[in-house]
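S.K.: Produce the complete structure using the sequences and hints provided.
Protein chains in written order, with the working numbering: chain A, 26 to 424; chain B, 5 to 299.
Worth flagging that the hints you see were computed from the coordinates, not collected in a lab.
Note that beta-carbon positions come from the ideal geometry of N, C-alpha and C, so glycine has one too.
Just so you know, not all the hints are guaranteed correct.
What the hints assert, rightly or not - For the chain B half of the interface with chain A, some residues (derived, Cβ under 8 Å), not all of them:
no., residue
1, 17
2, 45
3, 138
4, 146
5, 225
6, 272
Each chain is listed here by its residues.
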Amino acid sequence: MKKTGLIVGGLAASLMATSALAQDIDVKIGVLNDRSGLYADLSGEGSVIAARMAVEDFDAASKGINVEIVSADHQNKPDVASNIARQWIDDEDVNVILDVPTSSAALAVHEVLRDSNALMLNSGAATSDLTGEACSPNTVHWTYDTWALANGTGSAMVQQGGESWFFLTADYAFGHSLERDTAAVVEANGGEVVGTVRHPFPGQDFSSFLLQAQSSGAQVIGLANAGGDTVNTIKQAAEFGITQAGQSLAGLLIFLTDVHALGLEAAQGLVLTESFYWDLDDETRAWSERFMEAKGDMPTMVQAGVYSAVLHYLKAVEETGSTDAEPVMAAMKSTPTSDPLFGEGEIRADGRKIHDLYLFEVKSPDESEGAWDYYDVLATIPADSAFRPMEEGNCPLVE
Amino acid sequence: MFELLGIPPQALFGQLLLGLINGSFYAMLSLGLAIIFGLLNIINFTHGAQYMLGAFVAYLLLQYLGVGYWGALLLAPIIVGAFGIVLERLMISKLYHLDHLYGLLLTFGLALILQGLLRNEFGISGLPYNIPSQLSGGQNLGFMFLPNYRGWVVVASVIVCFGTWFMIEKTRLGAYLRAGTENPTLVGAFGINVPRMITLTYGFGVALAAFAGVLAAPIYSVNPNMGAELIIVVFAVVVIGGMGSILGAILTGFGLGIVEGLTRVFYPEGSSVVIFVIMAIVLLVKPAGLFGRTA
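M.R.: Written out as structure tokens, the structure is:
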């Protein structure tokens, strides 16, 4: 199966090489994410809309590139995700898989695509392992990762005086990796970790875990979870008087849609790290208004990342006149990235896409001037210090 | 200060209380399921979705009609219960003479449709619903801070559960119900309208789920999947208690809430499976459930 795939792939490549001038290329983009579970609002259909917008803005049709977008629901399950990925690349000639939130599912797809003729441009998942020791020549990790979140939010909290930490961690690859990366930042800044509790994913009632965090006496409760889990944890922390009693919450991964669900009353004052916010400048506002018209909600950084990734991918396809994994990836890595949402950036040898990150603080209801006006920018973390230095990741692709 | 298995007793009391609070939801939901199964022989997989509908109706009543929490606590069960009655008349009643499996498939399908429709309309992140002002704040019990609202959940649930048990086991109306399910023809011969009684029973079971949904709205986020996870656990509770046993469902609901709460202290990673482990053991040792009678 694999062999024939290679032969067919090679044949197709040589055919395309001869017709490169005519540029009649078929590209199939698969958006694989959560379309029904707790991450559906932050990725889901919104990511498909973002991919479609990228194809329109790139004006693929007039450049002789025929793009087809397919999508599927991986239900946040690694086995479902890898089955779909395998079917897409073996039977349906999908060239590139986008988004893939849920770290455990992302790592599974990452392994399926390794050494295949397809790429993964991951926007939704968080684990920094995608560009660490397990890095792959077929994966780009686009939008954010656990190291960057820990470095942004974690160090900001320690600098504000939160020196002892207790982690409330979602019990799967993402939570573990976010906890590990944040603990390292806390300790490097002179803080200490006094305890950890790992909760089943997804959860509903977090009061028991919060009470354990409370009795630990830690100054900061680090929430190494995401989506609906984080929303419920923050709500219940307020209900049990934990924040009022002086412990502060560090939401290590909070998306715009989470703040929207919490409401500003409950979310105000949270400090968080993201790589995109709709209200950064004129270009992000203009794009987000278009997105809003199609989706009905403002975009999250995950959806913005899908847009940016598709745009850069199509540029590489145009440049190489091919959809083969190797030349396209080489072109993507050698060309700096530039788009209206993330500005200037680049893709490093280990597959990490770098760009500026922002430290935001959630506004109070009085400060907010209308729907979706949620964040104040506290600081911009420049691209070269926002992500884990390449030599610390131990990625074998880096020489 | 002495410690029990490495946990200070104060913390343990706190966790027991939290377990009891979660058990309240299990008890109310498994009670409804047990009534519906016991009297109608239908495995009502829509129960989780009906619980979710209760929370959504409360949210919508507040958004569009300005009806607050207390009004919703009364109205939402009536509205969702009426919806249940329509379902029973139009669809479920056609399946009474068939195998359990058909009822299960129908109600499971209905649950998926309801969740899908609401997901399409409201998304998945959840909608905010505030704790009513009369019940905000909390009490410092010495060993933990108990939010007033959670205390209210336990009280309301105990009243509703034992009120229902009393009505079915100790009153004349309950006796008709139980007789009607044993031998509908004979009870009908006494001039009692058995099909209508069955319909109303289904509506009541559904209303119980909606009531639990309204109780849950202020503490869990109101979202279309809120019942989907819960219903599986609640089914395990019903199986452990004994299918169709009213008292079994109530006691097992509270009891398993506590067991789950303790697991969250001693082995948090296992807290989502502990109930299923217990279910497997109970099925092996006493297949009819702890409170069930072997047929």
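S.K.: Checking against the hints above, which ones are violated?
M.R.: Going through the list in order, the structure violates hints 1, 2, 3 and 4 and respects the others.
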